[in-house]
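Hints in hand, dock the two standalone chains.
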Amino acid sequence: MVAALAAVLAAGCGGSGGGSGDADADADAVTTIRVPSWWFGEPGNRDWLNAAIEAFEAENSDVKVEGYELAFGDYTDQVLTEVSAGDPPDVLHLTLTNIGDFRRIGALAPLDEYLAESDIDEQTYVPAQWEEPLTVDGTTYGVIQMIANYTPFYNVDMLAEKGYDEFPADPESFYAMVEDIADPPEQYGYAAMLRPGSAQQTYLDIAQWVIANGGRLARDGEVTIDAPENVEALEDLRALYEGGGMPLDVDKSTYRQMWWEGKIGVIFDGSWMMGFAEDNNPDIVDRLDTAYLPWPGQATASTYQLWAVSEASPNKEEAFRFIAFLQSQEWQKEMIETTRAVSPRTDAMPEGFLDENPWFEIFDEAAREFSVPIMPPELLDHGNEVIRIVTGAFEAALYRGTPVADALATAQAEVEAVVGD
Amino acid sequence: MGAVAAGIPATPGGPAPPSPAARRARSRSASTRHRAAGREEKWLPYVLTLPILATAAVLIFVPLGLGIWVSFTDADTLSPDALTGEFTVENYTKLVSDGAFWNSVRVTVVYSVGSVLGSLVLGLLTAVVLNRAFRYRGLVRTLILLPWAVPNVVAVLVWVWMYNPQHGVLNYLLTRLPLVDTAPSWLSSPSYSMLAVIIVTVWKSYPFSTLMFLAGLQGIRHDLYEAAAIDGANGWRQFRDITLPGLRSVASVVVVLVTIWSFGEFTFIFLMTEGGPAGATETLVLNMYQRAFRFFDASYAFAVGMVLLLLAVAITAVYARITRVRW
Numbered sequence: 001m002v003a004a005l006a007a008v009l010a011a012g013c014g015g016s017g018g019g020s021g022d023a024d025a026d027a028d029a030v031t032t033i034r035v036p037s038w039w040f041g042e043p044g045n046r047d048w049l050n051a052a053i054e055a056f057e058a059e060n061s062d063v064k065v066e067g068y069e070l071a072f073g074d075y076t077d078q079v080l081t082e083v084s085a086g087d088p089p090d091v092l093h094l095t096l097t098n099i100g101d102f103r104r105i106g107a108l109a110p111l112d113e114y115l116a117e118s119d120i121d122e123q124t125y126v127p128a129q130w131e132e133p134l135t136v137d138g139t140t141y142g143v144i145q146m147i148a149n150y151t152p153f154y155n156v157d158m159l160a161e162k163g164y165d166e167f168p169a170d171p172e173s174f175y176a177m178v179e180d181i182a183d184p185p186e187q188y189g190y191a192a193m194l195r196p197g198s199a200q201q202t203y204l205d206i207a208q209w210v211i212a213n214g215g216r217l218a219r220d221g222e223v224t225i226d227a228p229e230n231v232e233a234l235e236d237l238r239a240l241y242e243g244g245g246m247p248l249d250v251d252k253s254t255y256r257q258m259w260w261e262g263k264i265g266v267i268f269d270g271s272w273m274m275g276f277a278e279d280n281n282p283d284i285v286d287r288l289d290t291a292y293l294p295w296p297g298q299a300t301a302s303t304y305q306l307w308a309v310s311e312a313s314p315n316k317e318e319a320f321r322f323i324a325f326l327q328s329q330e331w332q333k334e335m336i337e338t339t340r341a342v343s344p345r346t347d348a349m350p351e352g353f354l355d356e357n358p359w360f361e362i363f364d365e366a367a368r369e370f371s372v373p374i375m376p377p378e379l380l381d382h383g384n385e386v387i388r389i390v391t392g393a394f395e396a397a398l399y400r401g402t403p404v405a406d407a408l409a410t411a412q413a414e415v416e417a418v419v420g421d
Numbered sequence: 422m423g424a425v426a427a428g429i430p431a432t433p434g435g436p437a438p439p440s441p442a443a444r445r446a447r448s449r450s451a452s453t454r455h456r457a458a459g460r461e462e463k464w465l466p467y468v469l470t471l472p473i474l475a476t477a478a479v480l481i482f483v484p485l486g487l488g489i490w491v492s493f494t495d496a497d498t499l500s501p502d503a504l505t506g507e508f509t510v511e512n513y514t515k516l517v518s519d520g521a522f523w524n525s526v527r528v529t530v531v532y533s534v535g536s537v538l539g540s541l542v543l544g545l546l547t548a549v550v551l552n553r554a555f556r557y558r559g560l561v562r563t564l565i566l567l568p569w570a571v572p573n574v575v576a577v578l579v580w581v582w583m584y585n586p587q588h589g590v591l592n593y594l595l596t597r598l599p600l601v602d603t604a605p606s607w608l609s610s611p612s613y614s615m616l617a618v619i620i621v622t623v624w625k626s627y628p629f630s631t632l633m634f635l636a637g638l639q640g641i642r643h644d645l646y647e648a649a650a651i652d653g654a655n656g657w658r659q660f661r662d663i664t665l666p667g668l669r670s671v672a673s674v675v676v677v678l679v680t681i682w683s684f685g686e687f688t689f690i691f692l693m694t695e696g697g698p699a700g701a702t703e704t705l706v707l708n709m710y711q712r713a714f715r716f717f718d719a720s721y722a723f724a725v726g727m728v729l730l731l732l733a734v735a736i737t738a739v740y741a742r743i744t745r746v747r748w
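Those protein sequences? They're chains C and X, same order as listed.
The numbering of the first sequence is my numbering, which starts it at 1 and goes up by one.
The numbering of the second sequence is my numbering, which starts it at 422 and goes up by one.
Chain X on its own, in the form it takes in the complex (with noise of 0.2 Å):
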C-alpha cells in the first residue's frame, strides 16, 4: 500500500494528497459543475433575449396575427371589436379584379427597383471616392453624408419647391442647358413623377449604402490590388475582378434592407404626390393608406397588406438565394 494510498502526504511538510474516495468525490461535483453549466450555457441565451422578444411580439408578432386576423373579416374599422367579424375571404377575392391594387403592385415594383438601383450605384460610387486618401476627404465625407441627417419631412418639402415647374431651380438650371426647351412639371406629370419621387428616396438613402460600402471596400487586402498591378491590371479591370467580388456580401445585405424599406416607404410619396397624379406613384402603402383611413375599409386595407408582406418576404428570399447569405 502505497503512502499516498494510505493518506500519508507524499512531500514532507505538505498537505495529504486526496484519497482515491475523495478524488471520485471531487470528480463527480466537477463532472455536476459542468454539466449544470452546461445547461445554464443552453438556456442563457434564450433568458438573455426574452425581454427583446416579448417587446417583439408585443409590438410586432400580435399587432401582425391581429391584422392577419380582421383581413379575413368586414371591418370598417380597427377597432378590437373588428376581431369579432364574421370570416370572410372576400377582401382577397376582390384583390383579383381590383385594377387599383394591380397598379400599386406595379408601382411598387418600380419605385422599388429604382430606389435599390440609384441607391446601390451612387452608394458604390461615393465609397470609391472614399476609399481614396485625399486632401479634405473628412469634409467631403460629411458632405455626402448629410442628406441622411436631414429630417424627411424636410427634405420633402424642400425637394417640392425645387420641383416646381415655374420657379424651382432644378427647371432653371435644366432651361440652362443647350437643347433643352421646356422643363417637365415633375410632381404632376405621371412620367415624371415616379422618377421625382425616387430621386428624393436616393438622395436620402444613399448614405447608408456608402457607409455600407466603404466598411466593405476597407475590408478588402491591398495587396490584392497590387498583385493585380504588378500583373498589368488597369483599374475598370481591379475594380470588376478584385472590388466587386470582394463587396459581393455587403452588396447583397445593402440590396436586401434598402428593397425592405422602400416597400413600406411612405413619408415621402404622401407628401409629395399621395400616390397622385392618377395613381402613378399610387405605392401598395398608400394604397392601404387610402383604404384603411379615407374610404374606412379596414380589413381590406390588411388584406392589401398582406399581400405586401408576402412580396417583400419573396424578394428577401430570392436575394439570399441568388446571394447564398447564411442567415
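Only chain C is shown next, with the shape it has when bound in the complex (with noise of 0.2 Å):
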C-alpha cells in the first residue's frame, strides 16, 4: 500500500516526453504524443505500427510519435498508474472489456467533435463504433482499432490423421474430434486458456464457449450469468478438460507455441495468429485453415481493441490526428496484410487478399454477421470485477468440483450486487 502511494507520487513527480507541446509555444514547435501499446511487442504487430508511425511524422512534421511498449497483461496497471499521476499517456489503446472501466473514472476525452471532421462514419465503420461501450449517451469515447473474433484455427493434418476431412459442425462431434487427436503428452485436440494466473484471459476463451452455446451473461439490462444455456456451454468445457483432451496447466502463450508447432489439433483464437505462425513456424501454414465454431449459429465472441484519448492529455488533437491516420483506409488496408488483424472499417480488404488468404474470409464474415460482445454492455462499467467473478466461478467448478449451476448461480449474486451499486 505505501508502496503503491509513493509509486504514484513519484510517477507524478517525474518528467514526462509526453503532452510536452505548448499551446502558447513557438508555431515551429514539435508536439510529442506518448503512445504505449503491447503491439511493440508482438511480431508482425510492431511492424506496421512503427511504419505508420514514420509516415505519419513524415505527413505532420509538427508531431513527435514517442510510443513505447506495454505488456497486455501490465497495460491497466501501468496506465492507471500514470493517469493517476495526473500524466497519463496521450493515447491509450484499451480493450472491450477496460474501457467501461476507465470511462467510470473520467479518464477519457470525448472525441465526437474530432470525429465529426474525420471519415470516421457510420458509412465506413462498423455499428458497433456507436454502440456501447463506445458510444454512450451520445458521446463517443474510443475509435475502434481492430477486431478480434475468436474461430477456430486448426491443424488440417492432424485432422486428416484421424479421418476427418472437414472441420466438425456439431459440437458432439467435435468433442470426440479433440478426443481421437489427443495423445497426451506428445499432442492434444484443443487448447484454452484454464490455467489460474491470468482472469482476463481465462475469460475470453469461457465467453466463446458460453456465446458460441447461444447463452449470454446479461440481456435486455438483466444479468443472466447463471443462464441454463451458460450452465450447459460451461459444462461441456469442464467434460472436455477432464476428459484428458487438453493441456493442463499451460499459459496462452505456452498453448500458441504447441499449436504452431503442430501439437495442438484446433485453438479457438484471432486471426493475428497465422502472422504468429509465419513469423515462427512458416512450414505450417499450409497446414492450417479456420472453420465455422461446431454450434448452431456460429456465434462469435467478438472484442475491440480501440484507441481512445486521455481526458488529460494536453495534445487531444495531436493524439486523434494520430489515431484518424492510423485508421484510415490506406493503413487499414496495410493492417490486414501486415498483421492479418480485421479491420473496422468497411472499405479496407485490400484487392485480392482474401483470394490469397482464403481462410480469412471467416473472420471477415464474422465480423460482420456472427460477431457477439464478449461483454454484454450491461456489465462493461465494472468489466474487470465482473471478469474476476466469472471466471472464479468457473474455476471454483473446474478445480473445486462445485456444480456449474451453483458456481454461476454464485457468480449471478456477486454481479447483480457490484452492478447495481
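Keep in mind the hints are simulated off the structure, nothing from the lab.
We put the beta carbon where it would ideally sit given N, CA and C, even for glycine.
Incorrect hints may appear among the rest.
Simulated restraints on C-beta separations [to be verified]: (1) C:262 to X:549: 49 to 55 Å; (2) C:74 to X:486: 27 to 33 Å; (3) X:574 to C:361: 39 to 45 Å; (4) C:68 to X:593: 38 to 44 Å; (5) X:486 to C:346: 53 to 59 Å; (6) X:554 to C:262: 54 to 60 Å; (7) C:282 to X:509: 55 to 61 Å.
Put into C-alpha cells, the structure is as follows:
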C-alpha cells in the first residue's frame, strides 16, 4: 500500500516526454505524443505500427510520436498509475473489457468534435463503433482499432490423420474429434487458457463457449450469468478438460506455441495467429485452416482493441490526428496485409487479399455477421470485476468440483451486487 | 601566605602554578565545555539520524498517512484528487460482510504460518549441518544459499514448469515412487496450490534463516556441549537443552521478519496463480492489488491494506511479548 502510493507520487513528480507541447509555443515547436501499446512487442503488429508512425511523422512534421511497449497483462496497471499521477499517455490502447472502467473514472476524452472532421462515420465503420461501450449517451470515447473474433483455427493434417476431412459441424462431433486427436503428452486436440493466473485471458475463452452456445452473461438490462445455456456450455467445457484432450496448466503463450509447432489440433483464436505462425514456423502455414464454430448459429465472441485519448492530455487534437491516420483506409489495408487483423472499416479489404488468404474470409464474415460482444454492455462499467467473478466461479467448478449451476448462481448474485452499486 | 598563593613557582625554573582565581576560571571553562559537550552529545544522534528519518517520512510515513486518509473516502484511483473526497466509513463497514476479504484473511494466515514454519525448520536443519566441519563444507554452503541469489521472477518461471502436471519434473518423479498412482495438478488444485506457493516461498527464504541460525549457533559456547557430553547427554538432549535455548533470541528475530515478509509477499503468488484457483491463494495483498488496479476501487483497497498493517503489527507485538525481545 505504501509502495503503491509512493510510486504514484514519484510518477507524478517525474518529467515526461508526453504532453510536452504548449499551446502558446512557437509555431515551429514539435509536439510529442506518448502512445503505449503491447503491439510494439508483437511480431507483425509492431512492424505495422512502426511503419505507420514513420509515415505519420513524415506527413505531420509538427508531431512526434513516442511509442513504447507495455505488455498486455501489465497495461491496465501501468496506465492507471500514470492516469492517477496526472501524467497519462496521450493515446490509450484499450479493449472492450476495460474501456468501461476507464470511462467511469473520467480518464477518457470525448471524441465527437474530432470524429466529425474525420472520415470515420457510419458509412465507413462497423455499427459497433456507435454502440456501447464506445458511444455512451451520445458521446463517443474510443475508436475501434481492430476487431478480434475467435473462431476455430485448426491443423488440417492432424485432423486428417484421425479421419476428419472437414472440421466438425456440431458440438458432439467436435468433442469426439478432440479426444481422438489427443495423445498426451505428445499432442492434444484442443487448448484453452484455463490455468489460474490470468483472469482476463480465461474469461475470453469462457465467453467464447458461452456465446457460441447461445448464452449471454446479460440480456436486456438483466444479469443472466446462471442462464441454462451458460451452464450447459461450461459443463461441456469442463467435461472436455477432464476428458484428457487438453493440455493442463499451460498459459496462452505456451499453448499458442504448441499449436504453431503442430502439437495442438485446434484453438479458438484470432486472425493474427496466422501472422504469429508465419513468423515462428512458416512450414506449418499451409497446414492451417479456419472453420465455423461447431454450434448452431456460429455466434462468435468478439472483442475490440481500440484507441482513446486521455482526458488529461494537453495534446488531444494531435493525439486524435494520429488515431485517424492509423484508422485511415490506406493504413487499415496495410494493417490487414501485415498483421492479418480484422479492420473495423468496411472499405479496407485489400484487393486480392481474400483470394490469397481464403482462411481470412471466416474472420471477416464473423466480424460482420456473427459477432457478439464478449462483455455485455450492461456489465462494462465494472468489466474487470465481472471478469474476476465469472472466472472465479468457473475455476470453482473446474477445480473444486462445485456444480457449474451452483457456481454460476453464486456469480450471478455477486455480479448483481456489483453492477447494482 | 604560601609561595603558590603568592604566585611564586613551586619548583625553581618551572612555570608558576596557577592562582586560585585562574584555577577557578579554568574550572568554570571546563565545566562550560563539559555542559556544551553534553548538549552536543544529546542532540548529535538526532542530527545524524535526520537524513534517514526525512527519507522514511517522505517514502513511508507520509504515504502511509495519505493511505489511511484515502481509505476514509470513496476514491476510485490513487490520484491526488482522492484526498479531497467526502469522508466515509463505508469501506470499513463493507469489509465486515465481504466474503472475499475474509477468505483473504484466512489465506494470508495459512500462507504466513506455512512459510514461517517451513523457513524456520529448514533453516535450522541446514544451519546445524553447516555448523559441523566436513569436507566440501564451503561448496555445500554455497549450494544451500543459492536460492537466495536467484531472482524471484526467474525462480517462479522455473517452478511453474516444474509444477506442470503433464510435463513437469515434480510429477514425473512423484509418479515413479511406489504407491503413487496419480500426481496432483499443483497450481490448478485448490488443495495443492497453497502448498505449491508455500514450497516456493520457503525455498527462496530459508537461506536467510540458515544464515541467522548459523550465526547464532556459532555464538553458543562449546564447553556447554562438552559438559553435557561428560554428563551423559546424547545428541538430541544436547540439541534440546543447549542448542534450542541458545537460539531463542535468533529464532524470535527470524520468526518476526519472515512473518512480516510473508504478509507482504506478492510476486510469487501473483505470477504463479494470481490468487486462484477460485481464491485459494488470494492473500490480502493480492486482494488489495485486485481492488486498486483491476477494479479501480482504490479507497477500498486501502481499507484492506489498513487491516493488513494492523494484523502485521499485532502479530509482531505478540511475538515480541512471547519471546520477551527488548527493542
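The hints, checked one at a time:
1. In this structure the supplied range 49 to 55 Å holds for residue 262 (chain C) paired with residue 549 (chain X), their Cβ-Cβ distance being about 52 Å.
2. Checked against the hint of 27 to 33 Å, the pair residue 74 (chain C) and residue 486 (chain X) passes, with Cβ atoms roughly 28 Å apart.
3. At about 42 Å, the beta-carbon gap between residue 574 (chain X) and residue 361 (chain C) stays in the expected band of 39 to 45 Å.
4. A beta carbon spacing of about 41 Å between residue 68 (chain C) and residue 593 (chain X) agrees with the range 38 to 44 Å that was offered as a hint.
5. Checked against the hint of 53 to 59 Å, the pair residue 486 (chain X) and residue 346 (chain C) passes, with Cβ atoms roughly 55 Å apart.
6. Taking 54 to 60 Å as the suggested C-beta distance range, the pair residue 554 (chain X) and residue 262 (chain C) conforms, at roughly 56 Å.
7. A hinted range of 55 to 61 Å for the beta carbons of residue 282 (chain C) and residue 509 (chain X) is consistent with their spacing of about 59 Å.
In this structure, none of the earlier numbered hints is contradicted; all agree with it.
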